[in-house]
Amino acid sequence: MSYKFHQFQVVGRGLPTESDEHPKIYRMKLWATNEVRAKSKFWYFLRKLKKVKKSNGQMLAINEIFEKNPTTIKNYGIWLRYQSRTGYHNMYKEYRDTTLNGGIEQMYTEMASRHRVRHHCIQVIKTATIPAKLCKRESTKQFHNSKIKFPLVFKKVRLPTRKLKTTYKASRPNLFV
Amino acid sequence: MPFKRYVEIGRIALVNYGKDYGKLVVIVDVIDQNRALVDAPDMVRGQMNFKRLTLTDIKIDIKRVPNKKTLIAALEAADVKNKWESSSWGRKLIVQKKRASLNDFDRFKIMLAKIKKAGVVRQELAKLKKETTA
Numbered sequence: 001m002s003y004k005f006h007q008f009q010v011v012g013r014g015l016p017t018e019s020d021e022h023p024k025i026y027r028m029k030l031w032a033t034n035e036v037r038a039k040s041k042f043w044y045f046l047r048k049l050k051k052v053k054k055s056n057g058q059m060l061a062i063n064e065i066f067e068k069n070p071t072t073i074k075n076y077g078i079w080l081r082y083q084s085r086t087g088y089h090n091m092y093k094e095y096r097d098t099t100l101n102g103g104i105e106q107m108y109t110e111m112a113s114r115h116r117v118r119h120h121c122i123q124v125i126k127t128a129t130i131p132a133k134l135c136k137r138e139s140t141k142q143f144h145n146s147k148i149k150f151p152l153v154f155k156k157v158r159l160p161t162r163k164l165k166t167t168y169k170a171s172r173p174n175l176f177v
Numbered sequence: 178m179p180f181k182r183y184v185e186i187g188r189i190a191l192v193n194y195g196k197d198y199g200k201l202v203v204i205v206d207v208i209d210q211n212r213a214l215v216d217a218p219d220m221v222r223g224q225m226n227f228k229r230l231t232l233t234d235i236k237i238d239i240k241r242v243p244n245k246k247t248l249i250a251a252l253e254a255a256d257v258k259n260k261w262e263s264s265s266w267g268r269k270l271i272v273q274k275k276r277a278s279l280n281d282f283d284r285f286k287i288m289l290a291k292i293k294k295a296g297v298v299r300q301e302l303a304k305l306k307k308e309t310t311a
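Just so you know, the protein sequences line up as chains A and B, in that order.
Be aware that the first sequence starts at 1, since it is given in our numbering, and climbs by one per residue.
Be aware that the second sequence starts at 178, since it is given in our numbering, and climbs by one per residue.
In case anyone wonders, no lab produced these hints; they're calculated from the structure.
We treat Cβ as the ideally placed atom computed from N, Cα and C, and that holds for glycine.
Please note: incorrect hints may appear among the correct ones.
Unchecked claim - No farther apart than 30 Å at their CA atoms in a straight line, the calculated lysine-lysine pairs in the DSS-like style are these:
1. B:Lys294 <-> A:Lys155
2. B:Lys200 <-> A:Lys68
3. B:Lys275 <-> A:Lys4
4. A:Lys133 <-> B:Lys196
5. A:Lys169 <-> A:Lys4
6. A:Lys163 <-> B:Lys200
7. B:Lys294 <-> A:Lys165
8. B:Lys196 <-> A:Lys163
9. A:Lys169 <-> B:Lys236
10. A:Lys156 <-> B:Lys306
11. B:Lys275 <-> A:Lys147
12. B:Lys245 <-> A:Lys169
13. B:Lys228 <-> A:Lys68
14. A:Lys149 <-> B:Lys275
15. B:Lys181 <-> A:Lys149
16. B:Lys181 <-> A:Lys54
17. B:Lys200 <-> A:Lys165
18. B:Lys307 <-> A:Lys155
19. B:Lys293 <-> A:Lys155
20. A:Lys147 <-> B:Lys181
21. B:Lys228 <-> A:Lys165
Claimed, not checked - Some chain B residues near chain A, calculated using beta-carbon distances under 10 Å:
22. Lys181
23. Tyr183
24. Tyr198
25. Leu201
26. Val207
27. Ile208
28. Asp209
29. Gln210
30. Leu214
31. Asp216
32. Asp219
33. Val221
34. Lys228
35. Arg241
So here's chain B without its partners, still in its complex pose (with noise of 0.2 Å):
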């Protein structure tokens, strides 16, 4: 199985320890084996280890230590943002934080949408076995 993934400058990689958890940062240059130089807009640049990071599909065109202006508009460019929230691993995130952040009032609601969802599957299971028997 081949490497897809690659630290290089511009990998977009998500923070999966620490801090800044579940961040998405820049790979902005390489210190030595176990860190990088890592950014992100709202961030001051710092170092972080590969350890902590987690690497995405996305990479960005950016030179080596780009400034912040640079960084931000390479971002906007490559439209990051919404190429992440539009992957199946960017969804999966929000819907993760959704229901964590869930009140009371909002189960409820959704217990209603499931009750409500299982009755129609259900309808339309009886019908198809309506016709299979028939």
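Here chain A stands alone, though its shape is the one from the complex (with noise of 0.2 Å):
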């Protein structure tokens, strides 16, 4: 599964000056869809809540962060603030996926069909793992059934292959299942 968005983990510090041998190091969490992207994602955020620039500071470490596992499903937590167009709104999202990296990009799908918001408007504030207990959305709940059940009650008719996809079919399909 390629995800769109990774996630990196981005360390960085202003430069050390003679007032300053030793500069506090700030570490980042952030997604971003490459690694240079994740950088200047960095250093804007650090300029909102420190005194440093990209030109007068150093990267220390950008890793990036892949899930631990991936074969287990978890409920995602997500808040996030997001630009619209009458100003800025925090929000919280709940997802059920395996990876926070399918969670996250789940999220950036659903802004921008809801509410038409573009990825660059979004700020990812926090994200967590949610027990099944604590979620709060219909949404996410009704999967926390250990004897879930349901039909799958319209089967669309597709080729195995697109190499034998052909315009014009002898006869009409079957849709039950």
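Take the two lone chains and join them into the complex the hints point to.
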């Protein structure tokens, strides 16, 4: 599964000066499509928090963070701040996915579709893996059922490879499951 | 027409698209409305969209997300492989696979066998025709 948004750990600090020999080191966990963007986002956020810029700072480390258990399903809670046409708002969203990157990607696509918010107008404040008891949204809670059972109501007839695709078929398809 | 095949934990499904095409997998958990966590003895447990799966009639008895050993034991206990290969769907797939893997000599042998079978059928038909006219 290739994800568009990767999670990076970016570590940086201001450059050492005569007055401050050992400036404090700051670490951020970000989502970006690639390392270059992650570094840029790091400086963007750090500028807003501390008096430091890329020109008088140094990047110490940037590592990609991978999912530890991509074979288990987790409920992710994501706190975000986004810019709408009229101002900034905070939001809390829940997603069920196997990896945090997958949950974040779901979040970006959902924000784009439901609220027309492009990805550069979204800032992820916090993410957490939520145990099932503490989930708030009905749409994630409905899957917290160990005896879950539902039929697949509509079967889309699809060829196993796109090479076998034809425009005209001899008979109408059977859509019942 | 009520539904007979449900997405549930333990349902065996056939993969009908993608890299694992043709494999039988077990639905081990449901992620959300469109995706299931799916497992098979020879693959890493992963997620799959329901659009890539066709449900079968076979269901095994497992708890939510069993570990690989328990899963394989449950598959053995329910005798999924034999049930699948003796079902008409499973048999059709085996025949399709065999037909696709024939070489020219096999096709020649099949041609001879078909001619022989047709000859025997026609003989019987001629016998029956003779009896009805006579």
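The hints, checked one at a time:
1. B:Lys294 <-> A:Lys155: Violated: Lys294 (chain B) and Lys155 (chain A) sit about 39 Å apart, past 30 Å.
2. B:Lys200 <-> A:Lys68: Given pair Lys200 (chain B), Lys68 (chain A) holds - Cα atoms ~27 Å apart, limit 30 Å.
3. B:Lys275 <-> A:Lys4: violated (41 Å)
4. A:Lys133 <-> B:Lys196: Roughly 36 Å between the alpha carbons, so the hint for Lys133 (chain A) and Lys196 (chain B) is violated.
5. A:Lys169 <-> A:Lys4: The given pair, whose Cα atoms are some 36 Å apart, is violated under the 30 Å limit.
6. A:Lys163 <-> B:Lys200: Holds: Lys163 (chain A) and Lys200 (chain B) sit about 20 Å apart, inside 30 Å.
7. B:Lys294 <-> A:Lys165: violated (36 Å)
8. B:Lys196 <-> A:Lys163: holds (15 Å)
9. A:Lys169 <-> B:Lys236: Judged against 30 Å, a Cα distance of about 33 Å means the pair is violated.
10. A:Lys156 <-> B:Lys306: violated (48 Å)
11. B:Lys275 <-> A:Lys147: Violated - the C-alpha atoms of Lys147 (chain A) and Lys275 (chain B) are around 39 Å apart, more than 30 Å.
12. B:Lys245 <-> A:Lys169: Roughly 42 Å separates the two Cα atoms, so the pair is violated.
13. B:Lys228 <-> A:Lys68: Answer holds: Lys228 (chain B) to Lys68 (chain A) is near 27 Å, not above 30 Å.
14. A:Lys149 <-> B:Lys275: violated (35 Å)
15. B:Lys181 <-> A:Lys149: holds (11 Å)
16. B:Lys181 <-> A:Lys54: violated (62 Å)
17. B:Lys200 <-> A:Lys165: holds (21 Å)
18. B:Lys307 <-> A:Lys155: violated (51 Å)
19. B:Lys293 <-> A:Lys155: violated (42 Å)
20. A:Lys147 <-> B:Lys181: holds (16 Å)
21. B:Lys228 <-> A:Lys165: Roughly 17 Å separates the two Cα atoms, so the pair holds.
22. Lys181: holds (8 Å)
23. Tyr183: For Tyr183 (chain B), the interface hint holds, since the closest Cβ of chain A sits about 5 Å away, which is under 10 Å.
24. Tyr198: Since the shortest Cβ distance to chain A is 5 Å, the answer is holds.
25. Leu201: violated (15 Å)
26. Val207: Because about 5 Å separates Val207 (chain B) from the closest Cβ in chain A, which is inside the 10 Å limit, the hint holds.
27. Ile208: Holds - the Cβ of Ile208 (chain B) comes within 10 Å of chain A, reaching about 5 Å at its closest.
28. Asp209: holds (5 Å)
29. Gln210: holds (8 Å)
30. Leu214: Cβ of Leu214 (chain B) sits 6 Å from chain A, so the hint holds.
31. Asp216: holds (8 Å)
32. Asp219: Nearest chain A Cβ about 15 Å off; hint violated.
33. Val221: holds (7 Å)
34. Lys228: Holds: closest Cβ of chain A sits about 6 Å from Lys228 (chain B), inside 10 Å.
35. Arg241: Nearest chain A Cβ about 5 Å off; hint holds.
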